[in-house]
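Generate coordinates for the entire structure from the input sequences, incorporating the hints supplied.
Heads up: the sequence lines are chains S and Z, in that order. All residue numbers for the first sequence refer to our numbering, where the first residue is 1 and numbers rise by one. All residue numbers for the second sequence refer to our numbering, where the first residue is 1 and numbers rise by one.
Hints may contain errors.
Copies of the same chain are indistinguishable here, so a pair counts whether it falls within one copy or spans any two.
[To be verified] Straight line, CA to CA, 20 Å or less: simulated EDC-like cross-link-like pairs of lysine to aspartate or glutamate: (1) 26 with 140; (2) 154 with 94; (3) 175 with 150; (4) 8 with 23.
Keep in mind the hints are simulated off the structure, nothing from the lab.
Protein chains: 2
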Amino acid sequence: MRKIRVIKRRIIYQGPVIRLVHEWLKTSQGQPMIRETIQHPGSVVIAPLLDREHLVFVRQYRRAIDREILELPAGTLDVAGESILACARRELEEETGWKASCMRLIARFYAAPGLLSEQMHLFIAEELTPVGAHPQADEEVKPVILSLDEAIVKIQTGLICDAKTIIGVWLTLGKLASSKLHLKH
Amino acid sequence: MRKIRVIKRRIIYQGPVIRLVHEWLKTSQGQPMIRETIQHPGSVVIAPLLDREHLVFVRQYRRAIDREILELPAGTLDVAGESILACARRELEEETGWKASCMRLIARFYAAPGLLSEQMHLFIAEELTPVGAHPQADEEVKPVILSLDEAIVKIQTGLICDAKTIIGVWLTLGKLASSKLHLKH
Numbered sequence: 001m002r003k004i005r006v007i008k009r010r011i012i013y014q015g016p017v018i019r020l021v022h023e024w025l026k027t028s029q030g031q032p033m034i035r036e037t038i039q040h041p042g043s044v045v046i047a048p049l050l051d052r053e054h055l056v057f058v059r060q061y062r063r064a065i066d067r068e069i070l071e072l073p074a075g076t077l078d079v080a081g082e083s084i085l086a087c088a089r090r091e092l093e094e095e096t097g098w099k100a101s102c103m104r105l106i107a108r109f110y111a112a113p114g115l116l117s118e119q120m121h122l123f124i125a126e127e128l129t130p131v132g133a134h135p136q137a138d139e140e141v142k143p144v145i146l147s148l149d150e151a152i153v154k155i156q157t158g159l160i161c162d163a164k165t166i167i168g169v170w171l172t173l174g175k176l177a178s179s180k181l182h183l184k185h
Numbered sequence: 001m002r003k004i005r006v007i008k009r010r011i012i013y014q015g016p017v018i019r020l021v022h023e024w025l026k027t028s029q030g031q032p033m034i035r036e037t038i039q040h041p042g043s044v045v046i047a048p049l050l051d052r053e054h055l056v057f058v059r060q061y062r063r064a065i066d067r068e069i070l071e072l073p074a075g076t077l078d079v080a081g082e083s084i085l086a087c088a089r090r091e092l093e094e095e096t097g098w099k100a101s102c103m104r105l106i107a108r109f110y111a112a113p114g115l116l117s118e119q120m121h122l123f124i125a126e127e128l129t130p131v132g133a134h135p136q137a138d139e140e141v142k143p144v145i146l147s148l149d150e151a152i153v154k155i156q157t158g159l160i161c162d163a164k165t166i167i168g169v170w171l172t173l174g175k176l177a178s179s180k181l182h183l184k185h
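Listed below in structure tokens is the structure:
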């Protein structure tokens, strides 16, 4: 990778979750470059498999886009000292009311690397048992069970329009096809 | 969709591309809710098909994650009055050096709707002719041609780790499988 030199760096905003940074840089070719980036602690996304054909989604209002959307359960890595796995377990239980005996990290990807540092860690959750949802006080999250076929149709028709959810459904399908999952029929 | 009431709204930062907004809200149930969101004009992503088996990617340094990654060509809808289609044509040409006779909008999705309003518009570009790349002065973008099989392996092994690119490759595969594209063998 080429070397980037930081000439000047200004933190424009530090919030509870994100930090907005303005930087004056110089490329290896000596070219000046100005970048605004958002530093983010990263997040987890969970594909909770009820059986080989059904996933648990959540429906919730997202302020950034001012609409309700259908997503896989997810959450920010914002609790100090909490592992990625523990965060995924907690978010799954809080948002869907299901607890998993088996969690498997299957992928990592960046949500919007042109602007945002957020890396997403995708888990498949298996061997689920119901425990009752308990979302955070300011969240209204409604679990929705869909078959993988229904989810694929919703992706194709734009009714599922969230990047992490599209990726989660497809990677889960791929993993099921390669039959490496523990699920019993 | 439920009604959200805005109690107070503060623009923390207005940059050339993004706006950071802090809001105090009240849900339909009267529950207070504080949200920080990033307003973004949206973007285009292009899957440039050289033939039925090869796509043009770009390799570039992304400051937000401080590394070079392999992506589909993309760009922000930041030129006043420019249509989404014109933006996609311009970005394709600037970043890859290929011009397309046929552009097809195949999907729209949100990059990170928990935080960011950015909607991505995914095009398949066909009937390409080389015109020579001319990236913006502060961008160093290198075109890379990969077969779809190579791209799928890179997704499975984490070497392609950008959400829009993962989605672009898969949706292109799906469209090719359903044989609705113009490409001649």
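Hint by hint, which ones does the structure fall short of?
-> Failing hint: just 2.
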